[in-house]
Every structure is written in C-alpha cells, then in structure tokens.
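Just so you know, the sequences run in chain order A and B. For the first sequence, our numbering gives the first residue as 45, with consecutive numbering after it. For the second sequence, our numbering gives the first residue as 50, with consecutive numbering after it.
Keep in mind that a hint or two might mislead.
20 angstroms max Cα-Cα, derived EDC-like pairs, lysine to aspartate or glutamate [to be verified]:
1. A:Lys46 x B:Asp351
2. A:Lys217 x A:Glu183
3. A:Lys46 x B:Glu120
4. A:Lys46 x B:Asp51
5. A:Lys62 x A:Glu93
6. A:Lys250 x B:Glu415
7. A:Lys46 x B:Asp352
8. A:Lys46 x B:Asp59
9. A:Lys62 x A:Glu243
10. A:Lys46 x A:Glu243
11. A:Lys46 x B:Asp53
FYI, nobody ran anything at the bench for these hints, they're computed from the structure.
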Amino acid sequence: MKFVLDGEHLLFAESLHKLLDRSDTPTAIRAWSAGDHGPGRRVWRSLAEAGVFALAVPEEHDGAGVLPVELVTAVHELGRHAVPGPVAETVAAAALLASVGGDAAATWLPRMAAGEAMATVARPYALDADAADLVLTVENGELHQAEPAGEARPSLDPARRLFGVTAARSLGKATESALDLGTLACAAQQMGVGRRLLEVSVDYAKTRHQFGRPIGEFQAVKHHLANALVELEFARPLVHAAALSYGTDDFPRDVSAAKAAASEASYTAARIALQVHGAIAYTAEYDPSLWIRKARALYSAWGSPSDHKARLMTLL
Amino acid sequence: MDLDFSPGHDAFRAEVRDWLRAHVPPGPLPSLETEEGFAAHREWERALGAARLSVVSWPAGYGGRDASPLEWLIFEEEYYAAGAPGRVSQNGINLLAPTLFEHGTPEQLARVLPPMASGEVIWAQAWSEPGAGSDLAALRATATRVEGGWRLNGQKTWSSRAAFADRGFGLFRSDPESRRHRGLTYLMFPLDADGVTVRPIGRLDGRPAFAELFLDDVFVPDADVIGAPDDGWRVAMSTAGNERGLTLRSPGRYTAAAGRLLDLWRERADPSDTALRDRVADAWIRARAYRLKGFETVSRTDDVGAESSVNKVFWSEFDIALHETALDLLGADGELESEWLEGYVFSLAGPIYAGTNEIQRNVIAERVLGLPRGSR
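Construct all of the structure, not just a fragment, from the sequences and the given hints.
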C-alpha cells in the first residue's frame, strides 16, 4: 500500500506545469475561442513531445501503453492550465481505437501519440470537431467514424466548440471501459481546473485590500476558501483510485464516483473563486473567468454528478 | 502508487474479523450514555483488552500490538463492519494516550496506560469552561501549588463521558499572573476525589452524554502533571490533530454506515425517488473518499499537521448528511427511536466538539492555505 503519487509522477506533473506556464494558455484559449487553433495546436504539440498523448496509446501503436495514473497526473495539469481542445475526448478516442484495432487503430494511434492528430468523440456533441482530425461517435454500442453536422454550438466555455455529428463508417464494437477512461480524464481535468481556481483565489485574497486589510483576513472569505479545499482534497483520492482500478471490474463504479466528486468539487471551487474575486472575475477579460466557465461546462460533460450517481447505484 | 494489502495485512484483517465474529454481542448494547449502558460498554472494553484488540497501535508492553497506522485502519474497518459497540474508552485512547506517549514519564505510561487498555479506568476530557469554548485559552480553572502537588479549583463543562467515567484530564491555569495560553498546566485527576462534583448534562435527547465538573480544592499529586508545569498549552496542542484527524472518527465507521444506508435504501426506498437515490450514492462516494484519504494519509511520509482540520470538517458534516439521508428514507418512522436516530443525534454534535468547524476552517485557511491571520 502506497496510495500517494510516486516521486516520478510528481516530477512529471511539475515539468508539465512549468511547460504550460511558459505556454501562455490564456492567449491560446482566446484564439481557440475565436476559431484560430494555431496557438492551441502548438501547446498540444509540446505536450505530445513531453509524452502526454502517448499515455492512452498501446505500445504496439507507438504509445507508452495505457498508463492511467500517469494519464490522470498529466491531464490534471492540462486542466490546471485550461488547455483548450478535446483533451478527454482524445483519451477516449485512443482507447476506443485500440479496442477495435485494425486499420483505424494502425492509422490513427501513432499520429495521436505523436500529437499530430487530434481526435474527438461525440458525447453527444463532438467537442472541437472543427479542429479534430478524426471525429468518432458511439451509437448502439458501435464505434463509428463521423462527420460534423452544421455549425458550432456556442458553449458557456468559449473554448468548447460543440458540434452535432452524422455517423459514417462503422469501425467495430465500442468498449465501455474506453469511454470510462475518457470520463476519468475529464475528472482529472476538473481537478486541475478546481485546483487552479483555489490557487488564484488564495493569491487574490492575500493581495486584494478592502477596509484597509487583505480580504483574506476576513473569516467569511477564509471559510469559503477552506470549504473549496475540503471538497478538492476528498475528490482527489477518488480520481487516483479510479486510475488504479483500470482494467478491473471496479473501474466503471470508481470512475462514476470520481467524476461525480470531481464535478462537484471543481464547481464549488469555481463558485467560490467568483465570489472571492468579486466583480472582476465576472468579466470575460479577466483570466480566471476562463476557468470558472470551464468548471461549469465540464460539470455536465461526460455525465453530470446525478448521471454518475444513478449509474453508481446500479453498480453497487 | 498502489492500493494493495500485503499478506500480513490480510492475515491481520482475518484475525480481527474472526475474533469479532465470535465475540461481538448479537444485539446493540444499551446506550453508553446511560449508567447501565456505560457498564456494558466497559465490560466490552475488558473483552477487547483481553484479546489485545482495544489499542492495537500501542506498543505491546502497554496492551497493544505495535500495529502500523495502516493496520489500525484495517482494524477500524473490521470493527465497524462487525457492528461492534461504540468505544466508551475513546477519550482516553485518542486524546490522553497520544499526549502521554509524547510527553509522559515512563512511570506515567506504566501506571496509566494498561488500565486504560483494559477498560478498568475510563477517562473523560475536561477542556471547556463556561467562559472558554472555542477560545480555550481564556480558561480560568486554577491549579495552585501545594506540598507534593496541586489544588484544583474552578468549573469545567461539556466533559464527554464524565457522568460515569473514572478520571479526567485537562488544562488548568497554574500561574495566576499568566494570560491566555501561557502559564497553563496539563493535569490528570480522579472524578471521585474529595471536592469534585459531577453534574451530568442531558444532551439534545436528554441522555447524560457529558457533564459539568465543579472542582473545589481537589488535590492532585505532582505525578499527575503531564509535561512541565506552565507548559500545558504546548503539551495539549501537540496532539490536538489526533482528535481532529483520522483517529477520533475513523474511515471504517463511515464505510460501515454507508453500507447500512445502502441496505436501508434497498429495503425501504421508492426507486423513482431519484433525489434520495443521489443522496445515498453521495454517502457511498464520500465514505469511499474518506477511506481512500485514510490510505493516502498513512502512505505519506511528511507531517499531516494542520491538514487534520480538513478531515474534521469533512467527517463531521458527512456524518450529519448520512444520518439525515437515513431518516429521510425512514419517512414517518424517522422520528422514532432507532439506531439511525441515535446516530443522527450523535452526529449533530460533530461540527461543535473537538474544535468547532468554524475554528477548523480558520486553521485550514491560515495554516494550510497561508492566509493572513488578522483579527477575528
């Protein structure tokens, strides 16, 4: 029993954090929101060079093998920096393609591991189908290649561009665990979003002065921030445990528990971040608003807490 | 990173499970907040102690098994899964004993711990006073130096288990010139000594779960001072995290309660009531989160420190939510006496004792998040 991240996981996370700090993700997010995927693509390529997208790809397709603990560690950092693009969707697409195998896997997986191809999966909307090189959908348990249908539907999170899809060619039977890996990636992303929101709120409370003192001296503010920490602290082990149960019968149950808790904790952090910052965070031009909007969008993406609680009760 | 138990852990779990299966009383004991129930729970402690299962994490020399923190978590899981009785000794085991291990003399350890482990001496805490609750450093009860020891005077209150316990421990102002947290001494004293008046206080449901203590020139020998005189605040605070963290309300307790809640849902629930279904699922998720948090905590090599306050806020609020869900599942029967109702009444005190959750949130904000202390 050693239920904490290993030193090498922590070093990996730290290196991604530094890489993304240098990448100016807020600028990439705003460009992405305006339909310019260039800066976001550059961030993805640097993440691929760091090995992030190989973590959901089997070794036979030039990946690192599916490494769920490393994957949630990395995706947490992507959420912490609000990296735009179909992050969880690319993870799920890789797992889906690996499970159907054949030409589709051989064609796409090496390119996805290398960061050359971005993939998305409709759940039910296909996130960033305009940017993705491969669009997939699952209908009646069958994995299909798909085409985006119509214009992008605007999301609360401006960096999330959602599309309807039309199924085209069938690729084979979709496995539930591949979709669950995408759900788990979304939960890890949410944990990163929540963590960043707490970090910036604590920093703000230390520096913003009202009534002649930092607002972080006021108990009303302290208690909000403490509540956000409590929720995040108790969601994290659920995400880690779900990563460890990948490949076992407990995986769907643990993924649902993790996604429900991560959604709620991340959303709590967003509400508190907005309240602690006050009006400034209610503006689109202030960076934390990008994370606040993402927290609510991800709350219902890949299944809301209620969806996952309903599923959990059928699995217990 | 892994969540695997070793064969040694599995063997320990099996031994605990087998013993409990053979020895846990078939029905619930009478409430430990009654005289009859207190005696029954003391008998149970004796049985646990005889099997060296009352204090598994203590050294063998004092009645324990030198169990690791992980083994202690395993013990707690099995204990509550077996539906074993509440621990009437827990104030001594969780609050006093850790302080003695850190600050006690060998003589004190040898004298105090074995009878605590066997249930022969049950301890009550005596921290709060009428004017010193959250602001514990405002306490006014005094310890005055006399030949060979001290004379205690003053009033303590909200003293858990004191209605029927044997001995108490708490902080007293030993330097009359001192202010706040300076000049306090940590002392142990008998509750049946001359000059001690114990007035039980009925808790919310009327049961005497705690008491007021009136101390009138109560003599305590020097041997019952823990740590140095006037250094009591530091002595008490060095182990305050034990009360707030895992040990007071272990994850195993909630794992078992969430399992029973799930059984209740299966028996009683209307499957179309999705709001209640979500709350039952939420209880299961939170119980699992706390269980995993426990494994995370015992895996860490650094000091958890003020993070124990994060646990205290979590388990105390979760305990209420879980029992509220059970009462709601029971519908009109929810107000009738039951183990769920007993658990509910017990849970309501959680956000108040062991440092109110407001104090815990201040601790989290200042010592974990690094916010400025400022004025209150």
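So, going through the hints one by one against the coordinates:
no. : hint                : result
1   : A:Lys46 x B:Asp351  : holds, 14 angstroms
2   : A:Lys217 x A:Glu183 : holds, 10 angstroms
3   : A:Lys46 x B:Glu120  : holds, 13 angstroms
4   : A:Lys46 x B:Asp51   : holds, 5 angstroms
5   : A:Lys62 x A:Glu93   : holds, 14 angstroms
6   : A:Lys250 x B:Glu415 : holds, 11 angstroms
7   : A:Lys46 x B:Asp352  : holds, 16 angstroms
8   : A:Lys46 x B:Asp59   : holds, 16 angstroms
9   : A:Lys62 x A:Glu243  : holds, 15 angstroms
10  : A:Lys46 x A:Glu243  : violated, 27 angstroms
11  : A:Lys46 x B:Asp53   : holds, 8 angstroms
Consistency note: the structure conflicts with earlier hint 10 alone.
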